[in-house]
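The listed protein sequences correspond, in order, to chains E and V. FYI, our numbering numbers position 39 of the first sequence as 39, with every residue one higher than the one before it. So the mapping is simple: our numbering equals the position in the second sequence, first residue as 1, plus 1000.
Calculated directly from the structure, the hints in this document are not laboratory data. Incorrect hints may appear among the rest.
Far from chain V, some chain E residues (derived; all Cβ distances over 10 Å) [as the list claims (entries may be wrong)]:
no.	residue
1	Leu-10
2	Glu-13
3	Asp-65
4	Lys-90
5	Ala-111
6	Ser-114
7	Glu-119
8	Ser-126
9	Gly-129
10	Asn-144
11	Glu-170
12	Met-175
13	Asp-180
14	Gly-215
Cross-link-like lysine-lysine pairs, in silico, DSS-like; alpha carbons within 25 Å at most [stated by the list, open to error]:
no.	chain 1	residue 1	chain 2	residue 2
15	E	Lys-90	V	Lys-1016
16	E	Lys-37	V	Lys-1227
17	E	Lys-23	V	Lys-1023
18	V	Lys-1016	V	Lys-1122
19	E	Lys-193	V	Lys-1023
20	E	Lys-16	V	Lys-1090
21	E	Lys-193	E	Lys-48
22	V	Lys-1216	V	Lys-1122
23	E	Lys-48	E	Lys-37
24	V	Lys-1037	V	Lys-1090
25	V	Lys-1016	E	Lys-193
26	E	Lys-23	E	Lys-122
27	V	Lys-1037	V	Lys-1216
28	V	Lys-1090	E	Lys-48
29	V	Lys-1122	E	Lys-90
30	V	Lys-1048	V	Lys-1023
31	E	Lys-227	V	Lys-1090
32	V	Lys-1227	E	Lys-216
33	E	Lys-227	V	Lys-1016
34	E	Lys-227	E	Lys-122
35	V	Lys-1227	E	Lys-90
36	V	Lys-1227	E	Lys-48
37	E	Lys-216	E	Lys-37
38	E	Lys-23	E	Lys-48
39	V	Lys-1023	V	Lys-1122
40	E	Lys-16	E	Lys-122
Think of the CB as a built atom: it goes at the ideal place given N, C-alpha and C, for glycine as much as any other residue.
Residues per chain, in single letters:
2 protein chains.
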Amino acid sequence: MPGEHIIQALDAEFAKLNELIAKMGGEVESQLDQAVKALMGPDPELAKAVIAADARIDRLEQNVDLAVVRMLALRQPVASDLRNVIAALKVASMLERMGDYAANVAKRSIAIASGERLEELKSLPSMAGMVQDNTRRVLDAYLNRDVEQAIAVWESDRDIDALYDTLYRETIGHMMRTPDAVGAGAHLLFIAKNIERIGDHATNIAEVVYYLVTGKMLVADRPKADKSSYAVVEPKT
Amino acid sequence: MPGEHIIQALDAEFAKLNELIAKMGGEVESQLDQAVKALMGPDPELAKAVIAADARIDRLEQNVDLAVVRMLALRQPVASDLRNVIAALKVASMLERMGDYAANVAKRSIAIASGERLEELKSLPSMAGMVQDNTRRVLDAYLNRDVEQAIAVWESDRDIDALYDTLYRETIGHMMRTPDAVGAGAHLLFIAKNIERIGDHATNIAEVVYYLVTGKMLVADRPKADKSSYAVVEPKT
């Protein structure tokens, strides 16, 4: 059996790992919030700040990786400790990608800052707000190993998908009616997709929490309300 | 020092891990090939087969995860062995996402099978061919720890980005001139983006190889030829 001091050392390292991951989650949430503000302003200077700040999230992920490799090498955890270490690595990699998506929202907000202001833009802040909520809630669920909350996040993603689906169809309709809006509309489609993908990654983190707590996989047949990959939008006459 | 039989056991497990990853890489390459064939046919039945086959790649990733956790628990590798195990975990996760992108190409090919056949579709097979090449080459680089080949893949991604950028602009132009092509055009933009993202993940694997061999990070200032996030396409008069 490992001695008391080894267990204390491991606990301290897990606490540090959790701190890094909580920080990453906070950054992602804030970056998404700022990216959407930059889009809605429009505020290209704020957008540039969001793009630059993505490097902070990348560095935090590298810190998680280093901490994980160090823990594996020095503590050689087994059983649930080992699963928790690997989970931290996976969650950090998901958060890093969520940061990339927020940065891409900011990039595209610059491209459309001076162009046609599509009315469909107005749906984005509420959609992004739901994604921010889910990001915060799933991080809490992760840090507290709260499986009920993880399931709630996982299930509520369908509402985000449904909003995205509506936005997709409405934007396509607008682009059909207004050729000058096609360029901005395409960016808007990608922006909405980026936000929807951040939400997907929140559900991926929920699946990690579920697996950690129950030892089982959250079944992969979550009802997907995002049907936009199959969307055929007919011109309105 | 670990005994000879421990080293042999570890070598055998690394060989098994490499086999799983090689298999994942082969699946991704084949799925992308089939997805583009389904798109160009168009062949919705083939597209459905590609979507269904994505579960195979997911299962292979789960097998990699299980093998990695097993190796960490039983062999407690350190130093370069530990880095190699963690690298396998990361590469498998990248390949799993590459499979997701190929499945999304197949999904969208169904949506546009019966719609307007945009002439810009014709650029996709050569772009996808380059991405398939890079996927195969970077997997070889990974399995052989061939840093020169990893750098070659990493550098050649700029050609894929440039092709994507051209396709993006041409498709937007087409959508502006032809409102009836907007729905299919939007799917084409996402399809091209998915293929470009598979290429990006090949460069991520190249970065893992570089890090494994040299212990250093491939500098993050790779010249990005994909400027489409910033694209403002003016209507042609």
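Hint check results:
1. Its beta-carbon lying about 14 Å from the closest one in chain V, E:Leu-10 satisfies the requirement of being farther than 10 Å from that chain.
2. In this structure E:Glu-13 is separated from chain V by more than 10 Å, as the shortest Cβ-Cβ distance comes to about 16 Å.
3. Residue placement check: E:Asp-65 does not keep its beta carbon more than 10 Å from all beta carbons of chain V (closest about 8 Å).
4. Residue placement check: E:Lys-90 does not keep its beta carbon more than 10 Å from all beta carbons of chain V (closest about 7 Å).
5. At roughly 5 Å, the least C-beta separation between E:Ala-111 and chain V is not larger than 10 Å, which violates its mark as non-interface.
6. Not every CB of chain V is more than 10 Å from the CB of E:Ser-114 (nearest about 8 Å), against its label as outside the interface.
7. The beta carbon of E:Glu-119 sits about 17 Å from the closest Cβ of chain V, which is more than 10 Å, so the claim that it is off the interface holds.
8. Consistency note on E:Ser-126: stated as away from chain V, and its beta-carbon is indeed over 10 Å from all of that chain's, at 22 Å minimum.
9. Residue placement check: E:Gly-129 keeps its beta carbon more than 10 Å from all beta carbons of chain V (closest about 23 Å).
10. No beta-carbon of chain V comes within 10 Å of the beta-carbon of E:Asn-144; the shortest separation is about 23 Å.
11. Non-interface call for E:Glu-170 relative to chain V: holds, since the shortest CB-CB distance, roughly 12 Å, exceeds 10 Å.
12. Distance check on E:Met-175: its Cβ comes as close as 5 Å (rounded) to a Cβ of chain V, failing to clear the 10 Å threshold; non-interface status is violated.
13. At the 10 Å boundary, the C-beta of E:Asp-180 falls inside the reach of chain V, the nearest C-beta of that chain being 6 Å off.
14. The non-interface label for E:Gly-215 is consistent with chain V: the shortest C-beta to C-beta separation is roughly 12 Å, beyond 10 Å.
15. About 22 Å separates the Cα atoms of E:Lys-90 and V:Lys-1016, which keeps this hinted pair within 25 Å; it holds.
16. For the suggested pair E:Lys-37 and V:Lys-1227, the alpha carbons sit about 22 Å apart, so the restraint of at most 25 Å is met.
17. Proposed proximity of E:Lys-23 and V:Lys-1023 is contradicted: the alpha carbons are some 36 Å apart, above 25 Å.
18. Taken as a hint, the V:Lys-1016 and V:Lys-1122 pair is broken in the structure, with Cα atoms around 40 Å apart against an allowance of 25 Å.
19. At most 25 Å may separate the alpha-carbon atoms for a hinted pair to count; E:Lys-193 and V:Lys-1023 exceed this at roughly 30 Å.
20. Of the supplied pair hints, the one linking E:Lys-16 and V:Lys-1090 holds, its CA atoms being roughly 22 Å apart against a limit of 25 Å.
21. As the CA atoms of E:Lys-193 and E:Lys-48 are separated by approximately 20 Å, the hinted pair is consistent with the 25 Å bound.
22. Restraint check for V:Lys-1216 and V:Lys-1122: not satisfied, since their Cα atoms lie roughly 40 Å apart, outside the 25 Å limit.
23. For a cut-off of 25 Å, the pair hint linking E:Lys-48 to E:Lys-37 stands: about 12 Å separates their Cα positions.
24. A hinted pair counts as satisfied when its Cα atoms are at most 25 Å apart, and V:Lys-1037 with V:Lys-1090 does not qualify at roughly 29 Å.
25. The suggested pairing of V:Lys-1016 with E:Lys-193 is violated, with an alpha-carbon distance near 37 Å, which exceeds 25 Å.
26. Our distance criterion of 25 Å between C-alpha atoms is broken by E:Lys-23 and E:Lys-122, whose separation comes to about 29 Å.
27. Of the pairs offered as hints, the one joining V:Lys-1037 and V:Lys-1216 is violated, with about 39 Å between alpha carbons and a cut-off of 25 Å exceeded.
28. Proximity of V:Lys-1090 to E:Lys-48 is assessed by CA-CA distance (about 29 Å); at most 25 Å being required, the pair is judged violated.
29. The hinted pair formed by V:Lys-1122 and E:Lys-90 fails the criterion: a straight-line CA distance of about 38 Å is larger than 25 Å.
30. For the suggested pair V:Lys-1048 and V:Lys-1023, the alpha carbons sit about 21 Å apart, so the restraint of at most 25 Å is met.
31. With a C-alpha separation of about 29 Å, the suggested pair E:Lys-227 and V:Lys-1090 falls outside the 25 Å cut-off, and the hint is violated.
32. Only pairs whose Cα atoms come within 25 Å are accepted, and V:Lys-1227 paired with E:Lys-216 is rejected, the gap being roughly 42 Å.
33. Restraint check for E:Lys-227 and V:Lys-1016: the C-alpha separation of about 38 Å exceeds 25 Å, so the hint is violated.
34. In summary, the hint linking E:Lys-227 to E:Lys-122 is supported, as the alpha carbons are separated by about 21 Å, within the 25 Å threshold.
35. Between V:Lys-1227 and E:Lys-90, the direct Cα distance comes to roughly 29 Å. Violation of the 25 Å bound is thereby established for this hinted pair.
36. As the CA atoms of V:Lys-1227 and E:Lys-48 are separated by approximately 15 Å, the hinted pair is consistent with the 25 Å bound.
37. At roughly 39 Å between alpha-carbon atoms, E:Lys-216 and E:Lys-37 are farther apart than 25 Å, so this suggested pair is violated.
38. Distance restraint check for E:Lys-23 and E:Lys-48: the Cα-Cα separation of roughly 21 Å lies within the 25 Å cut-off, and the hinted pair is therefore satisfied.
39. For the given pair, V:Lys-1023 sits about 29 Å from V:Lys-1122 by alpha-carbon distance, which is inconsistent with the 25 Å threshold.
40. For the hint linking E:Lys-16 to E:Lys-122, the alpha-carbon distance of about 40 Å lies beyond 25 Å, and the restraint is violated.
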